[in-house]
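Sequences are here, hints too, so could you generate the full structure?
Last residue of the sequence shown: 179 in my numbering, with the numbers rising by one and none dropped.
FYI, nobody ran anything at the bench for these hints, they're computed from the structure. Since the structure is predicted, the reported quantities are computational estimates derived from the model, not experimental observations. Where is the CB? At the ideal position from N, CA and C, for every residue including glycine. Do not rely on the hints blindly, as some may be mistaken.
Unchecked claim - Pair by pair, the computed Cβ-Cβ distance ranges are: (1) Asp46 with Leu177: 16 to 22 Å; (2) Ala149 with Ala42: 17 to 23 Å; (3) Ala85 with Ala49: 22 to 28 Å; (4) Val169 with Leu98: 39 to 45 Å; (5) Phe81 with Ile143: 26 to 32 Å; (6) Ser104 with Ile2: 20 to 26 Å; (7) Lys100 with Trp3: 21 to 27 Å; (8) Asn178 with Glu124: 30 to 36 Å; (9) Ala42 with Ile144: 17 to 23 Å; (10) Ile2 with Ser87: 32 to 38 Å; (11) Ile2 with Trp151: 39 to 45 Å.
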Amino acid sequence: MIWLYLLLGFFLSNLFGYGGGPSTIPLMYREIVPHYHWLTNAEFNDMLALGNSLPGPIATKIAAYVGYSTLGWFGFALAIFATVAPSAIALILLLKVLSKYKQSLVVKGMTLLVQPVIAIMMLELVWQSARDSVQTIGYVQFIIIAAAAYWLMQHRKMHPALVIVIAFVYGGIFTYLNI
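Below, the structure written as structure tokens:
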């Protein structure tokens, strides 16, 4: 029965995840952590950080990891299928309709009005991740890492993946030394 939950969890998350990763990740989080308990908050955050440091779409990496850890290679394939299928089906069915009505005020309005919902979902996910980080490493370490990441990306124009790798190394040293 777990295969059905895996299929439904990823299919529905990606069916309603309008806009790609920013809207899909919070929906996947809801299915993976509080609903089915496939991962803990900390495990999800670790997997998300690692997934963001690798190339490619984040949703398929999340699906691959959770699917494999839940049901092995079958779960891996099933979760990837459930993640890709909604987009593929929607693309095939709706491309012609959207291209015909792309100048419609209704279509433009729908697109613009979905953006605040996506922003709120991302803020909720960031809040939960930040709360877990602060509880684990404390306020001082959290502020140092956040400020350094901001400075490296905004002022030094460093790629976010490289900043994530640096944070992994720092976290490994921090954990090893028990600071």
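Hint check against the structure, violated hint numbers in rising order: The structure breaks hints 5, 6, 7 and 10; every other hint is satisfied.
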